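Protein chains: 2
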Amino acid sequence: MKGHDMHVLILGAAGMIGRKLAERIAATGKMGGQTVDALTLVDIVEPQVAADFTGTRKALAADLTDAGMAEHLIADRPDVIVHLAAIVSGEAEADFDKGYAINLDGTRALFDAIRAVEGYAPRVIYASSLAVFGAPFPPKIPDDYHLTPLTSYGTQKAMGELLLNDYSRRGFLDGIGIRFPTICIRPGKPNKAASGFYSGILREPLNGQEAVLPVGTDVRHWFASPRSAVGYIDHAATLDTAPLGGQRNLTMPGVSATVGDQIEALRKVAGDTAVALIRHEPDPTVAAIISGWPRDFDTARAHDLGFRAETNFREIIEVYLEDEMG
Amino acid sequence: MKGHDMHVLILGAAGMIGRKLAERIAATGKMGGQTVDALTLVDIVEPQVAADFTGTRKALAADLTDAGMAEHLIADRPDVIVHLAAIVSGEAEADFDKGYAINLDGTRALFDAIRAVEGYAPRVIYASSLAVFGAPFPPKIPDDYHLTPLTSYGTQKAMGELLLNDYSRRGFLDGIGIRFPTICIRPGKPNKAASGFYSGILREPLNGQEAVLPVGTDVRHWFASPRSAVGYIDHAATLDTAPLGGQRNLTMPGVSATVGDQIEALRKVAGDTAVALIRHEPDPTVAAIISGWPRDFDTARAHDLGFRAETNFREIIEVYLEDEMG
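From first to last, the protein sequence lines stand for chains A and B. The first sequence stops at residue 400 when you use the working numbering, and every number in between is there. The second sequence stops at residue 400 when you use the working numbering, and every number in between is there.
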């Protein structure tokens, strides 16, 4: 992109995607096909340094909303900034001020720090969310569906998308917004997020443990693997943004699948014994929450730009086996 | 709405719509069919007090973005707050910081001041804009068309719409966002806005003066009279917001008309002599700017909620004759 080796800054580098992205850069020495010679990892807690990275590396604990912090973080002018730092949906709903402070003000502080530097317009990869959309939905949600967030988190992400468009249009930065599918299979332990079961009903049985399914098997949702999530960011790092025009935010390709599809894919990969570990235990609260979630997307725009994901759930499970179970 | 007389606060009361709204309230003593017993007018310069208003009236010069000002302005808990205060499109594009400071931060300061008061959730009427939409457009833009602002002003207004939805959903305020058509015929002198000719080619000939038309007669746009603009706000003051659900922002009814339609309406009202005062003088700069502007809207949603405007351009001209030329 720039004709020289790249300096990459990852904000929110201690999260699952941030860690995997840093590991990939460390392992390959590249991002978007180009050599990375410096990698700076930032999160609210100090992220683990990618030990096998041979370029210049830094890791620091920082809060983007502290006065002067955004300016400090871009002081050595990274070529690519991956902005994953965010308060998640549940917390942004529970703590109104904190959600707006981090998700809106933090994003704006970063963009304004970049804007203040004359002649500096780095690639900024902004982590957006399907939460910018809200029910009622058409069967397949197009990229240009209207923004109707039904949560404060979704509102903050939608406002960030609008800022990304405006700051890019004005030439202050060169933004790409990535609307991630629900990431599946998340590695690690079960969590209490309403979406937790989507990973749990596969991950736990694959590890010989019981899992609870709180909804019916006909429930449909939109998925991609952690590997695909990292792949989107990698692809966005050096993509030509000219074809994006004024609309910098893209719904990423993914797999539309029912819980039943998930279970049948699990059966193919790990057999009936694994499937038998799924205990059906309907939870009306969880069912009510996810009834407002999107089911399917038309992602022709991102696909035409070269973004890719898995095409069925079996592939998503196989990525987990390869990347997490060796 | 509240079962008692209303206190109305108008922010941006020195502008054309704000003045006309205050005059209407003063003349009728009512808003949304309900008695107004207190009227507070605020603008960056002290607005004229509506002298014939018999209730409690106040006028003050204030900047919404000054620390503590929003809190001060709502200290006596107005029932209806009309938020018209804004930096206009051209200035928001020329002065990036000022546009975001007033249009975004000022709006948020107001909403946050309201949120901080326990048990207070006033009706907030937010002046939005067609600028939240950007080309390319369908022939008729629906109310749920995606937000694609192509200016910083439009971005700021779209962010305000999202905040209005979220703060209303959380119960902090009871918002209605009004996307105004281009107001025509604006009273007063010619101005240098790109849209100025839309009023000028009617207003100047009606006053026996020459006017310049910088574009072709086939150019189509979306209009309503100043009287309709005030009518929207009046109607929004006491409207039941329950049917709005999570989507509080409404494109208002208006008249889709070509410049040719405008001229023929002028001919009917004021004859060939008036039309002869329009001098065709093509200006490619103006033509380029307005080529990105919307032409027509589907406003079924606002119409079903009882919002009304003129239905043809002759009516728009007659409103000017009645309201401005006695």
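Check the hints yourself; a few may be wrong.
What the hints assert, rightly or not - Some residues of chain B that are not near chain A, with every Cβ distance over 10 Å (derived):
(1) R243
(2) N281
(3) N386
(4) E389
Said to hold, decoys possible - Here are the simulated lysine-lysine pairs, BS3-like style, with alpha carbons at most 30 Å apart:
(5) K94(A) - K132(A)
(6) K104(A) - K342(A)
(7) K214(B) - K104(B)
(8) K172(A) - K214(B)
(9) K172(A) - K104(A)
(10) K214(A) - K94(B)
These are computed hints drawn from the structure, not numbers from a lab. Computed from a predicted structure; not experimentally measured. Just so you know, even glycine gets a beta-carbon here, dropped at the ideal spot from N, CA and C.
Consistency of the hints with the structure:
1. R243: violated, 7 Å
2. N281: holds, 39 Å
3. N386: holds, 29 Å
4. E389: holds, 31 Å
5. K94(A) - K132(A): holds, 16 Å
6. K104(A) - K342(A): Outside the cut-off at roughly 35 Å; violated.
7. K214(B) - K104(B): violated, 35 Å
8. K172(A) - K214(B): Not satisfied, since the Cα-Cα distance of roughly 40 Å exceeds 30 Å.
9. K172(A) - K104(A): violated, 35 Å
10. K214(A) - K94(B): violated, 45 Å
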